[in-house]
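Undergrad: Listed here are the chains, written in short residue letters.
Number of protein chains: 4
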Amino acid sequence: MEDFEARYEGYDSRVRESFSKQNLMKTIGASLTKVMAGEVDISLEFRDDLTQQHGFIHAGVVAALADTACGYAALTLMAPDAAVLTVEYKINLLSPAVGDFFIACAKVAKPGRTLTVCSADVFALKDGAKKRVATLTATMMTIRDRDGLVG
Amino acid sequence: MEDFEARYEGYDSRVRESFSKQNLMKTIGASLTKVMAGEVDISLEFRDDLTQQHGFIHAGVVAALADTACGYAALTLMAPDAAVLTVEYKINLLSPAVGDFFIACAKVAKPGRTLTVCSADVFALKDGAKKRVATLTATMMTIRDRDGLVG
Amino acid sequence: MEDFEARYEGYDSRVRESFSKQNLMKTIGASLTKVMAGEVDISLEFRDDLTQQHGFIHAGVVAALADTACGYAALTLMAPDAAVLTVEYKINLLSPAVGDFFIACAKVAKPGRTLTVCSADVFALKDGAKKRVATLTATMMTIRDRDGLVG
Amino acid sequence: MEDFEARYEGYDSRVRESFSKQNLMKTIGASLTKVMAGEVDISLEFRDDLTQQHGFIHAGVVAALADTACGYAALTLMAPDAAVLTVEYKINLLSPAVGDFFIACAKVAKPGRTLTVCSADVFALKDGAKKRVATLTATMMTIRDRDGLVG
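Residue numbers (the working numbering), protein chains in the order written: chain D, 9 to 159; chain L, 9 to 159; chain C, 9 to 159; chain R, 9 to 159.
With the rest of the complex left out, here is chain D (with noise of 0.2 Å):
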């Protein structure tokens, strides 16, 4: 893995500043766990009122938490008044997420100037042990010059 450069002190305020306006995060609680240039971490603690018909937390909750993280991940690496699109992602669930904690790992696979890649896994913790969940890969865009999109 590649280590990244920001392009500018401050990004960290930035990504919190933004993520504080995430009113999704908010409302499923989850919280920004570390921002350093090109990675990010989400995490989330288990809570009934996020899960699927199983028990597990719903994989929309699960994808939200590492799209999110691959977006502020991508946002480290870019000029500070351009904006995050998410673009497109695929997600691979690779266990149901059960566990008392959850976080979001992404990372900048490629950065670019229009365009920026970055991969987040997702683990679960339980009884002490961490397993892997689910994997996801995202394009994102960054966007300048569009009237109220910063962050």
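Honestly, the hints are just simulated from the structure, not real lab data. A hint or two may mislead.
Intra- or inter-copy, both count: the list cannot distinguish identical chains.
[Claimed, not checked] Straight-line alpha carbon distances no greater than 27 Å define the calculated DSSO-like cross-link-like pairs of lysine-lysine that follow: (1) K118 / K134; (2) K29 / K134; (3) K139 / K29; (4) K34 / K118; (5) K118 / K139.
Assemble the complex: chain D is given as a structure, and chains L, C and R must be docked to it using the hints.
TA: Positioned in the frame of chain D, the structure of chains L, C and R alone reads:
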């Protein structure tokens, strides 16, 4: 598009019962608005607590609607004692999810004994206009003989 | 499905000229069998030197047909001096590619200034019957101002 | 990355035998350059007859290498009488496939009784430098009890 035949009567109430156990769907306020053999729609009204940082409905919610609709479209064609799990999906976000009302329309593309491939489109309705905001393809798996997994 | 309008006359001959430079298409014996604004078909006769270990047409060939058809479907809607590159695609292989003749039918799902999303289905024809063997969604990118990249 | 254990000795010769029956791999001149439990590499020298319109190696070839490597990585962990089929894959093309030599490196991400998830990276080598040009995730299926399908 092919037409499909359900394997038993009552698939409709079974899908509705399973959906009612999806706590995430309750949490986000989604509802099942169509259940036919091989086709399921799920709808959602805009809510401010489901947005991302730019005020659009979060991609995670869009994907959760589409993925869930695909899972139930697949389930309509499965045996009554089977359960359905998502193996993988890929979503292309075609436009920001701006609107008052959202509807994910899923269809089975290829049913199978073990795997069923589905596709879904998600539309946003705003001021009477309907716009496709996302398209998704998913692989669903038939689960049998696993304790507690039905629906 | 929407209908699209080409941005200039002559997109047809431009696609044909670009296709004729695709050595891989020559190598596998594929031909361009439909070029319309936003829609391209590519066809292939079965050949024993394109198979995988079970004697089916290799998924790589199926994907190459579909991806190439998507790229040219996107190109029909681009400016005359633009080039097209595939950003990503995802393919679901619905049935083994058994047949005498194969046709990949691609359509633009959402054109855009920078990114164009396309989808394609690949059909196998055998003894007069037509079967869908694969479905693909792809993101294509418009490339401008890069020396030597046209078409 | 986990380490995997093969289910029987001789998986290596089995993969090599199956690969030798892949006519497409012969047609494009690919060779199997690593076979270990859960890991397979496939290599290719640049050839002008495998290019797309800009002179790069065609994405279809890049994908075929990666998909095939994933299939065999999965097969190393399957029972001796099983066959492997690709269910789906998604590829992100990170850079144009420019180089003298290409290598697809596949690993099993999650083995399973029915489904095995794999990932692969494809690298281009040019003038001694190695560049990742594509990344792929695939779902492989174990096929049993189907006449004629082994390997």
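Undergrad: If a hint holds in the structure, say so; if it doesn't, say that too.
TA: Quick rundown of the hints versus the structure:
1. Taking identical chains as interchangeable, the C-alpha atoms of K118 and K134 lie at most 27 Å apart only when they sit on different chains, with a minimum of 19 Å there against 32 Å within one chain.
2. Taking identical chains as interchangeable, the C-alpha atoms of K29 and K134 lie at most 27 Å apart only when they sit on different chains, with a minimum of 23 Å there against 30 Å within one chain.
3. In this assembly of identical chains, K139 and K29 lie within 27 Å of each other by CA distance solely across copies; the values are 25 Å between and 30 Å within a copy.
4. For the identical chains of this complex, K34 and K118 are neighbours neither inside a copy (29 Å) nor across copies (31 Å), given an alpha-carbon limit of 27 Å.
5. In the homo-oligomer, the alpha carbons of K118 and K139 lie at most 27 Å apart both inside one protomer (26 Å) and across protomers (11 Å), since each shortest distance falls under that limit.
In summary, the one numbered hint that this structure violates is 4.
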